[in-house]
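With the hints as constraints, model all of the structure from the sequences given.
Protein sequences appear in the order of chains A and B. In this text, residue positions in the first sequence follow the numbering used here: the first is 133, and each later residue adds one. In this text, residue positions in the second sequence follow the numbering used here: the first is 36, and each later residue adds one.
Keep in mind the hints are simulated off the structure, nothing from the lab. Treat the numbers as computed from the prediction; the structure is a model and nothing was measured. For each residue, glycine too, the CB sits at the ideal point set by N, CA and C. Some clues are possibly wrong.
[What the hints assert, rightly or not] Label-pair restraints from in silico Cβ distances:
1) A:A389 / B:P223: 37 to 43 Å
2) A:S365 / B:R214: 30 to 36 Å
3) B:G226 / A:S357: 22 to 28 Å
4) B:A59 / A:G370: 45 to 51 Å
5) A:G256 / B:E113: 43 to 49 Å
6) A:G260 / B:G62: 52 to 58 Å
7) A:W246 / B:E203: 55 to 61 Å
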Amino acid sequence: MSSIDRLDLRRHDLGQVYRPQRDWIDGRGLLIVVAHFFSGIGAGAWLWSTLYDFRIGQWLSVACVLGLSGVAHLAFLGRWDRFWRMLRRPHRSWISRGIWAIGVFGLAACGVLWPAARSGPVGGFALGLSVAAACAILLYEGFVYAASRAIPFWRTRLLPALYIAYGLRGGAALLLVTAALGGDGFDVASVEAVKLWVVASTAVLVLLYLVAGSRAGGAARESVSQLVAGRISPSFYGGTVLAGIVLPIGLTLGGDALALPELVLLGAIGIASLLGDFYVKYCIVKAGVYVPLVGSAGVQRSGS
Amino acid sequence: MRLGMVIDLKRCIGCYGCQIACKAENGTRPGTTYARVVKREWGEYPNVKRLSIPVLCMHCGEPPCVDVCPTGASQKRECDGIVFVETDVCVGCRACVMACPYGARYFQDESRDYFGTGENAYEECVYAAHQSGVVEKCDFCRARLEQGLEPACSANCMCKARIFGDLEDPNSEVSRLIREEGGFQLNPELGTDPSVWYLPPER
Numbered sequence: 133m134s135s136i137d138r139l140d141l142r143r144h145d146l147g148q149v150y151r152p153q154r155d156w157i158d159g160r161g162l163l164i165v166v167a168h169f170f171s172g173i174g175a176g177a178w179l180w181s182t183l184y185d186f187r188i189g190q191w192l193s194v195a196c197v198l199g200l201s202g203v204a205h206l207a208f209l210g211r212w213d214r215f216w217r218m219l220r221r222p223h224r225s226w227i228s229r230g231i232w233a234i235g236v237f238g239l240a241a242c243g244v245l246w247p248a249a250r251s252g253p254v255g256g257f258a259l260g261l262s263v264a265a266a267c268a269i270l271l272y273e274g275f276v277y278a279a280s281r282a283i284p285f286w287r288t289r290l291l292p293a294l295y296i297a298y299g300l301r302g303g304a305a306l307l308l309v310t311a312a313l314g315g316d317g318f319d320v321a322s323v324e325a326v327k328l329w330v331v332a333s334t335a336v337l338v339l340l341y342l343v344a345g346s347r348a349g350g351a352a353r354e355s356v357s358q359l360v361a362g363r364i365s366p367s368f369y370g371g372t373v374l375a376g377i378v379l380p381i382g383l384t385l386g387g388d389a390l391a392l393p394e395l396v397l398l399g400a401i402g403i404a405s406l407l408g409d410f411y412v413k414y415c416i417v418k419a420g421v422y423v424p425l426v427g428s429a430g431v432q433r434s435g436s
Numbered sequence: 036m037r038l039g040m041v042i043d044l045k046r047c048i049g050c051y052g053c054q055i056a057c058k059a060e061n062g063t064r065p066g067t068t069y070a071r072v073v074k075r076e077w078g079e080y081p082n083v084k085r086l087s088i089p090v091l092c093m094h095c096g097e098p099p100c101v102d103v104c105p106t107g108a109s110q111k112r113e114c115d116g117i118v119f120v121e122t123d124v125c126v127g128c129r130a131c132v133m134a135c136p137y138g139a140r141y142f143q144d145e146s147r148d149y150f151g152t153g154e155n156a157y158e159e160c161v162y163a164a165h166q167s168g169v170v171e172k173c174d175f176c177r178a179r180l181e182q183g184l185e186p187a188c189s190a191n192c193m194c195k196a197r198i199f200g201d202l203e204d205p206n207s208e209v210s211r212l213i214r215e216e217g218g219f220q221l222n223p224e225l226g227t228d229p230s231v232w233y234l235p236p237e238r
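Take a look at the structure:
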């Protein structure tokens, strides 16, 4: 998109009653969604891998959180060379808390994966710290959005719950794909059973989130209508609903009828879930619209 | 002291003088308008009305942009309540843009010029004061205030629709107008407590 197009878009947006947010979705803004996707599934994968003592999963988790998410975070920033300044305000800002969580996770995970430190008190402490940091990563993402007072669709405690649930199921999906690609030493059947429950619960959470949004006033209702019947509906139905909910549940319950090898089926479930995890975050961020600037009680009373 | 502004919607004719004065004073790039004028129409022909609503940073008493800033770049001055961005500290995460209900913050993401032919001499001069990759906003023309002047938008309003002063002084003109003419804030339900007040267009 050329500079002039973007200017026209900005002018157009400023004239709208419900102004869409674009800074966290358009152009380089998409990188923040990518970053949260990878840090979410990475943290989820760490928890599952730790639970089932799956070493390859732990390495993958570190690659997602520190590698892919870290690079996406830095590339998203306008001034990445100053990123360390984001550590300064954990007492006020959820972004700052998230950066701390990612940093602590990186250090603790290295402690867990470092062979010399694996056993003994250091290893145990690092493991506990890494699990706590992974939980904090899952927690902070939703609150980054929920802290935006100007966008009512995000400003609900259901959003952090949704991000936690999707992080957990994304982590499980990543491990399923890893198992399908030949990763061994991992109890696939147990994760598959848990995953079905998690997928079903995320479906319920998405539904609850939409219902809550439709009852939360004009701007949140506008966001819901853009998701279910507006400009974002193709991504919502194709990515979030079909790939993220219908396919994983359908393949899990009716996969036997397809007569596919088990690992291929698991891989398909995992990939569909990962797509759904990405699209739910993409759709929610894209649907954010600001509270109307005018039309507040004072102007309506005086002007109409 | 808490500096603030009262904008009389009955006096404003929507001439965009404030917007131009702001751009001239701050030398902002295309697409960045610290002071802008929003137009709203309602009714049906032949009974149609139009309202011009000048909008700028509200310099909130409880600024949500300051709360979410991870670096401390967004700050509120204790001495006069002006909310500003320390651009040398900003990382361009745009959390403040998401938090501001008034659309008062602009991310400087690329080098744009007005005519698409490269920066002219004037643009080279004024844009040099702006960093890229950071968020910028109205600061009530701090540099002018230090010289004892009003912000450019209120000084140049030909209809005297903008009145600048101390909201905490009960005898100031802004306090009197808010009290006597039914002043109101935009989106008071969000709890931001803006320092920019509006007077109703019909009274």
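Distance restraint hint 37 to 43 Å, applied to the beta-carbon atoms of A:A389 and B:P223: violated (59 Å)
So does A:S365 sit 30 to 36 Å from B:R214, Cβ to Cβ? violated (49 Å)
Is the hinted range of 43 to 49 Å satisfied by the C-beta distance from A:G256 to B:E113? Roughly 47 Å apart at Cβ, these two residues keep to the hinted range, so it holds.
Do A:W246 and B:E203 keep their Cβ atoms within the hinted range of 55 to 61 Å? holds (58 Å)
B:A59 and A:G370, beta-carbon distance inside 45 to 51 Å? holds (48 Å)
If you check the beta carbons of A:G260 and B:G62, does the distance land in 52 to 58 Å? holds (54 Å)
Does the Cβ distance between B:G226 and A:S357 fall inside 22 to 28 Å? holds (26 Å)
Checked against the numbered hints above, the structure breaks hints 1, 2 and satisfies the rest.
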